[in-house]
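Numbering-wise (our numbering), the sequence shown opens with residue -16 and increments by one.
Hints listed in this document are in silico derivations from the structure and should not be mistaken for laboratory results.
Among the hints, erroneous ones may be present.
Said to hold, decoys possible - Keeping only pairs whose Cα atoms sit at most 30 Å apart, straight-line, the calculated DSS-like set for lysine-lysine is:
1. 170 x 147
2. 147 x 70
3. 147 x 43
4. 61 x 41
5. 239 x 147
6. 239 x 37
7. 58 x 239
8. 147 x 168
9. 61 x 113
10. 70 x 170
11. 61 x 168
12. 228 x 168
13. 41 x 90
14. 90 x 113
15. 90 x 196
16. 232 x 168
17. 58 x 196
18. 196 x 232
19. 229 x 239
20. 37 x 70
21. 168 x 196
22. 201 x 58
23. 239 x 201
24. 90 x 168
25. 168 x 239
26. 58 x 147
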Amino acid sequence: DTDVNQVYLAFTGLDGALVKLGRQRILLDNQRFVGGVGFRQNEQTYDALSVEYKGLDKTKIFYAYVDAVQGITGKDSKQDTHLLNVKYDGLALGSLSGYYYNFAEDKAGGYDLDTFGVRFNGVTDSGSSKLLYTAEYASQDNGTSEPAYYLLEGGVQFAGVTAKLGHEVLGSDEGIGFNTPLATKHKFQGWADQFLGTPGEGIEDTYISIGTKLAGVKLLAVYHDYETEESGTDLGSEWGLVVAKKLAKNYGLSLK
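Build out the structure end to end from the sequences listed, making use of the hints.
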């Protein structure tokens, strides 16, 4: 395949605003709901009209209307999607985001998902260490049911080592799981990509990670334990290991 990854017009004449029209990259928060799937050879990009406004103190407002999504396989997905994300960085303990995403695939049998959520993420210095914490909750109306999403994650950075413990739930309601069709899914629920679609009974992912850097080499180990949200059925587990090094400005090497 040969594909156009990005081509857009940008306008910055408004106070604190950036307007883009065309095929563009859209990365929101941690990309759990809207991302670029940058791990793949062909990045996911968006045919959209977007407005990013930073004219308010410590606040960023982002809105986009998405007409189509260019997927990682080179196929287009026709859309009628609206994305709204408001992020406030003025809190002492971290940043707070509120969002509304109407994911709507414009074809027969396509998805139409009204998603409302809130996310809090922060870092606090504690002497020689740092405390890391994230909490997020979202509700999704798919026209038949309203499954929920939530995430709790805590961690610590000490002596060059970062350790995290988290619990992420994509819930189920009426046999339909919470769906994130435009996410960077490879970042979540393990790198073997076994859960790119949420099971009908939902999924709970309890995970722990530890990482550091030695002589410029990044080392990271992650363990996941999975079960269904509705019945607690065991879905297995996964170990993930990464060794990576930046070789030059535009070159690196990694083993995953």
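In rising order, the numbers of the hints this structure does not comply with = 4, 6, 9, 13, 14, 15, 17, 22, 26
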